[in-house]
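At position 105 of the sequence shown the residue is numbered 105 (full-length UniProt numbering), and the sequence of numbers has no breaks.
Please note: incorrect hints may appear among the correct ones.
Unchecked claim - Derived DEER-like restraints, expressed as beta-carbon distance ranges:
#1 D49 <-> T121: 13 to 23 angstroms
#2 H65 <-> A25: 30 to 40 angstroms
#3 E87 <-> T8: 31 to 41 angstroms
#4 N24 <-> F4: 27 to 37 angstroms
#5 S115 <-> P12: 52 to 62 angstroms
#6 R33 <-> F120: 15 to 25 angstroms
#7 H95 <-> R73: 17 to 27 angstroms
#8 I47 <-> A26: 25 to 35 angstroms
#9 P12 <-> Y107: 20 to 30 angstroms
#10 A18 <-> H65: 38 to 48 angstroms
#11 F54 <-> K6: 37 to 47 angstroms
The set of hints was computed from the structure by calculation and includes no laboratory data.
Quantities reported herein were computed from a predicted structural model and do not represent experimental measurements.
C-beta atoms are modelled at their ideal positions from N, C-alpha and C, and glycine is treated no differently.
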Amino acid sequence: MFDFSKLTIPTPEERAAAELDRVNAAIAEDRRRRRERSRSSVEVTLIEDAYSRFTASSSPIINFHGLDAQQRRVSVTWFAPDFAERETIDKIIDHLAANTTVTLKSYWKPHQRLSGETAFTFIAQFIEPVFPKCRRPRQPHQPRFRGRSHPRLVGLRIQACLSG
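Could you put the whole structure together from the sequences, leaning on the hints where they help?
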């Protein structure tokens, strides 16, 4: 015989709490991975405004170029986490204007240019002091969908996990 008492349907409050737990776990995992990958740091003065692009898998990234302390050109890429909202990424881009000096923590990634020479891109994990103060995530059952982001990601904010 089947015990149907074990087949319960979660209430909206239970689903909201489970979604919030999932988001908090994703934030903690992202923070851990970014700290693991932060092997070096460099101070960069931007020579042009930052811009955003998308990878082939539709992940948002921020690219910018600047000069380090020795006046060498540095290309930087920052991959936004899955839980980041578009408006938060736009705020980050607004802070990355030309002539702004930021400290980046991460690692250098080599790649081959068409000419055969090896070039390096700094894959940033943390950008200081750029990240705006983040509000606590909204409860998922409070819809805020305005056509800008996927409904599952509505109300989620980048917490202080990215500020170092």
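Unmet hints by their number, sorted upward, for this structure: 9
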